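Participant: So the chains spell out like this:
2 protein chains.
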Amino acid sequence: MANLRNSGFQGAVYPINPNEEEILGYRCYRSVKDVGQPIDVAVVTVPARLVAGVAEECGVAGVRFLVVITAGFKEIGKEGAEREQELVRICKKYNIRIVGPNIVGVIDTNAPFNGSFTKDMPLKGKIAFISQSGAMLLAILDWSLSAGIGFSQFVSMGNKADLDEADFIMAAAEDPNTSVILCYLEDVTNGERFLEVVRKASQIKPVIILKSGTSQDGARAASSHTGALAGSDLAYDTAFKQCGVIRAMNMSDLFDMAVAFVNQPVPAGNRVALVTNSGGPGIIATDSAERNKLKMARFNKETLEYMRSQLPVEASVYNPVDILGDATPERYKIALESILKDDNTDSALVLLSPTAVTEPVKIANIIVDLHKKYPQKPLFTSYMGGESLTEGIRILSEAGIPCYTFPEPALKAISGLVTYDALRKKLQKNKPIGPAADVDKEKVKAVFVEVLGDNRVTLLGSEATKVAEAYKIPVVPVYLVNSPDEAVAAAEKMGYPVVLKIASPQIIHKSDVGGVKVGLNSAQEVKDAYNDIMESVTRQLPDTRIYGIEVQPMMPKGNETLIGMTRDAQFGPLIAFGMGGIYVNLLQDVSFRLANGLTREDIEEMISETKAYTLLKGYRGSEPSHIPSIIDTIARIAQLSLDFPEIAELDLNPVIAYPDKAAALDVKITLSGDKQK
Amino acid sequence: MANLRNSGFQGAVYPINPNEEEILGYRCYRSVKDVGQPIDVAVVTVPARLVAGVAEECGVAGVRFLVVITAGFKEIGKEGAEREQELVRICKKYNIRIVGPNIVGVIDTNAPFNGSFTKDMPLKGKIAFISQSGAMLLAILDWSLSAGIGFSQFVSMGNKADLDEADFIMAAAEDPNTSVILCYLEDVTNGERFLEVVRKASQIKPVIILKSGTSQDGARAASSHTGALAGSDLAYDTAFKQCGVIRAMNMSDLFDMAVAFVNQPVPAGNRVALVTNSGGPGIIATDSAERNKLKMARFNKETLEYMRSQLPVEASVYNPVDILGDATPERYKIALESILKDDNTDSALVLLSPTAVTEPVKIANIIVDLHKKYPQKPLFTSYMGGESLTEGIRILSEAGIPCYTFPEPALKAISGLVTYDALRKKLQKNKPIGPAADVDKEKVKAVFVEVLGDNRVTLLGSEATKVAEAYKIPVVPVYLVNSPDEAVAAAEKMGYPVVLKIASPQIIHKSDVGGVKVGLNSAQEVKDAYNDIMESVTRQLPDTRIYGIEVQPMMPKGNETLIGMTRDAQFGPLIAFGMGGIYVNLLQDVSFRLANGLTREDIEEMISETKAYTLLKGYRGSEPSHIPSIIDTIARIAQLSLDFPEIAELDLNPVIAYPDKAAALDVKITLSGDKQK
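Protein sequence lines correspond, in order, to chains A and B.
When the letters of the first sequence are read in order and numbered with numbering that gives the first Met the number 0, they come out as residues 0 to 676.
When the letters of the second sequence are read in order and numbered with numbering that gives the first Met the number 0, they come out as residues 0 to 676.
In case anyone wonders, no lab produced these hints; they're calculated from the structure.
Please note that the accuracy of each hint is not assured.
Because identical chains share one entry, a pair is satisfied inside a single copy or across any pair of copies.
To be verified - Taking lysine-lysine pairs in the BS3-like style, the calculated list, with each CA pair at most 27 angstroms apart, reads:
(1) Lys500 to Lys556
(2) Lys610 to Lys556
(3) Lys616 to Lys509
(4) Lys118 to Lys332
(5) Lys471 to Lys430
(6) Lys361 to Lys118
(7) Lys610 to Lys425
(8) Lys91 to Lys73
(9) Lys371 to Lys123
(10) Lys118 to Lys73
(11) Lys471 to Lys442
(12) Lys292 to Lys240
(13) Lys425 to Lys444
(14) Lys428 to Lys292
(15) Lys92 to Lys292
(16) Lys430 to Lys199
(17) Lys509 to Lys556
(18) Lys556 to Lys471
Remember, it's a predicted structure, so these values are computed and weren't measured experimentally.
With the hints as constraints, model all of the structure from the sequences given.
Facilitator: Written out as structure tokens, the structure is:
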């Protein structure tokens, strides 16, 4: 109540408490039903066992939002979870939306509104901070008051019984007082919705997320081999990239980037210019630029000539511009204005180390003036030192010019802006691939029914090939045969040479038990191979169920790639592409994208991130492979995975790429068995 | 003069100036020769053109050290460089050692001695800071006064005309008042000496180095293909690792680690325990532990039971120990003491987020008391917040317990301590491989004389093979022949099948011009192949000098590895090992070590870092390769490279590894041509 009053909230406030007549000067009501006025938001702090009753009364009173600060719900176990479900049920009935429960509350510094139990009101600013951890929110608030960082919103999400990160991120994106959205997340409630909503939000303004819990997720070792390369944190990473989120890897990065995003425009490109009064920090900043994938700007001739005519001969007019230890404010002005004017500069960073003659305040004022004159060029500073620089730093910060103690975070922040711009443009330009019409879902369904009817979840090669064919995925044909004669018939149909493989989903490494024979050139060879395989396998694995033998044409050599899919619990199908063959696990040359919202450009980018791409383009004089076939295959795998949630895993290895086509030699499909449509 | 006086220096001080009678109360002398007393150190601040004369006078007066603050030497170009050489020449004559020139000066807070032009005296502490950049030193000094970080020494190295990083690092290692050595380096003066000296220093105390200029070095693209994988920053990185240096990647890391190293003992292992009063930061710290290669400690049963009996039921007694938002000082005491006592904990980190009931000062006092009680367990803290925590942070810092704003730097620092301990133990245990006696240097010399006499720097395959054989490096024999009949004779001698290759150092990709024929099984095939190769090559490259054709036995399949050497300008031979064959550039599976001081364990570690190692161990059921042969080959390549500085580059690709041996199929050696011994 005190926070609400002290925040300067302009609306009507009605304390509800059965035992009081008046609270903090406001008339108190016994129940929300007694107020008799329209109520937008109810902030609930009653004990957990009373929350459901309060929600019911709020429903009757027409309240639209509940901010449930009260703890004692899902987070305490079964009893709490039931209590939470009851709360959700009641609110649904009355069409009330819930923030929380188990939260610090909600603050808007512009409304202004403080419906929380924080000790202080945050400074006013343009950062919306949305946190899944209440303690984190309190810690950041405490820290921000000392650091002088302001916020538009502080949202504690708690148990996310109803409203979740997708809602709050979108709300912040639509809030005119917010210019950058920071989020601390431990999980995402609904991966698909997150992708859809955040894809929109990040086109409006930057969304920077610190996602924790990566190590726990990493520990959940996925069992299958594509899965072993993936892992859930990877899905988050991929999701963030595909919906335009900037991922912060630690708490410093989160705020170092935030202060940059709040006030500085997005740079037109990645060319950064440095001005420094000392060599060492200039070199460190140059290193850091490269490490953050930025380019050092190369100034045009006029810029260089002008600086040469105005700066001491010992100064370096090339980037980093070194205006020497005795640099005057005037020298900073000449150098900084020159590089801000230069068309080859996209952003600028000014470094200052205090020497006996440095005037940090005057220099700060010059920087501020030049920023006003050239507002389109993002401008950053690093004042390296302590108390002697405090006043200068204050002037810069108040003018919205980020000032860091060391140069490295400045370059990380610039890089963040450049990345954001690229991600946003990509989202605006590229559209998700529409589903292909030439697919036969019924045929796939029929195969799955048959497999599950046989009490299996792993498809035989011939069955998986049928599924792939139904989706026009280019596969090398497979015939399942049950006698030497059938094998010969199949071989004659497809033409020699052929390959024979044992058909049994239980046998993983078929070669190891003599289950594979390659390069068979005649009917006799095929017959012999058939008998040899059967003899060898049944002798070594007498109790294994054998479905027969699979006959495939022997394919010529090409570039072996891999296309796979594992299903992430949060974000759905995660598609993998990389070098294929037997060295997949060794080489770990794999790139990932989520099938949800996948664009053709995503697929191209995914391919280009791998070493396989170097081979596909034509390595050391070999003919280039037909990349469009690979792209199309990936798109179809994505569609198949989205259309059939019952596919748990899918693995095409190798997919051989030729100059004119691609062909999957081995298709493995595993169903989840419990997720049938 | 004022700094020297104000620092409290206890020795005699003699100002030298021809125009004054007295300076700051000290009697002034016209020349150092007039003092008539023994002088240890002369701090020189006269203009550059007068420095040589002053040095000469100092020599006559028996001065032992010059601290030359004056600038205007090598850093301003040719004239300055000559002036610097003159200074060095004079000092050598008189056996005077020089610090500088072009420096801020030298400070020792314990002597105490301030022979510098800094504005302030640093706080007293146990960090020695050695900097190649004077501005950096001034910036860090200014910053350290606000941050409350103390130093034992501040050394500005400047142009390093005489004394360099190796000297200062060793001096700091021997200084009883220093417990950690920090160094900002732009280059190393003498790589070999650096390796030798720092290897000793880092066994005495931690050496943490921030090396800048990595991006400039990176730009110097090495021409050869092993070189393209290497690069000079890599040599620094390798050198640091091999001589026990902890490398800081940015300025924050440098000091975050320093405060940890100064006061905390080295942990016995990598198992870290966390206590937190909030979930979010606990998860973030857990993620960060894994990212920094630390293990989360698993407490023993007694610890868990005790905590369970003493803490609220909602608390989590597993690591991270979550003592909840309303955690009292008593609860911190129970949890922290329990984990400090536990044998499964090597280090502990306490996290505190301010809530309404948190008592940061009382908790700080408890942490300090427990640290005194369990001083052998390194203890770290992260107080996440602002002004409300200042007093608590002060208490912790004064007791030597590092306190960070966010948890991540704490875990990076703990990881730094663990790494240091491992590096130090490795240096203490492992000794450099002595040179093998069974090598024939004269034979190698003779080959080089012949090659250079032929005006070549690239050896023919047959010549390179001779060199390798002289060093007992296992190579597949190569015969250089000049007629079909000679080819047949060679083939019969070694046995069929054989391979024929064109012998011409100018032809890089021999296959592309029809210069290679493999799998030749008879005299007729060899003759035909000889003629085909000659015809094809001379037709396509009519102006290329052909030395004949090389005949080699055709080797069976095995694991293809690569062993290479490039010579780094600073640190000498840099040895490369990885997967070999034609995909070397694509796979980039390469690990590096410097030949200087190489131990057998370094080689083992080098091999184990690669994917090639997975193959060598026996991949997917294949027989393991003979790794000792690879180790021995690497050791011999290292020795050959050290013995013959005229070898600029060396490349064995592939070295085929078999179950019982290794054999290099192709040996390429290039001489520098100008570095003959």
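Participant: Next, verify each hint and record whether it holds.
Facilitator: Cross-check of the supplied hints:
no. : hint             : result
1   : Lys500 to Lys556 : both (19 angstroms within a copy, 25 angstroms between copies)
2   : Lys610 to Lys556 : both (18 angstroms within a copy, 24 angstroms between copies)
3   : Lys616 to Lys509 : between (32 angstroms within a copy, 22 angstroms between copies)
4   : Lys118 to Lys332 : between (43 angstroms within a copy, 25 angstroms between copies)
5   : Lys471 to Lys430 : within (22 angstroms within a copy, 62 angstroms between copies)
6   : Lys361 to Lys118 : between (37 angstroms within a copy, 20 angstroms between copies)
7   : Lys610 to Lys425 : within (23 angstroms within a copy, 35 angstroms between copies)
8   : Lys91 to Lys73   : within (18 angstroms within a copy, 78 angstroms between copies)
9   : Lys371 to Lys123 : within (22 angstroms within a copy, 43 angstroms between copies)
10  : Lys118 to Lys73  : within (26 angstroms within a copy, 59 angstroms between copies)
11  : Lys471 to Lys442 : within (12 angstroms within a copy, 65 angstroms between copies)
12  : Lys292 to Lys240 : both (16 angstroms within a copy, 25 angstroms between copies)
13  : Lys425 to Lys444 : neither (36 angstroms within a copy, 61 angstroms between copies)
14  : Lys428 to Lys292 : within (23 angstroms within a copy, 40 angstroms between copies)
15  : Lys92 to Lys292  : neither (52 angstroms within a copy, 50 angstroms between copies)
16  : Lys430 to Lys199 : within (12 angstroms within a copy, 60 angstroms between copies)
17  : Lys509 to Lys556 : both (21 angstroms within a copy, 22 angstroms between copies)
18  : Lys556 to Lys471 : within (22 angstroms within a copy, 39 angstroms between copies)
Consistency with the previously given hints fails for numbers 13, 15, ordered from lowest to highest.
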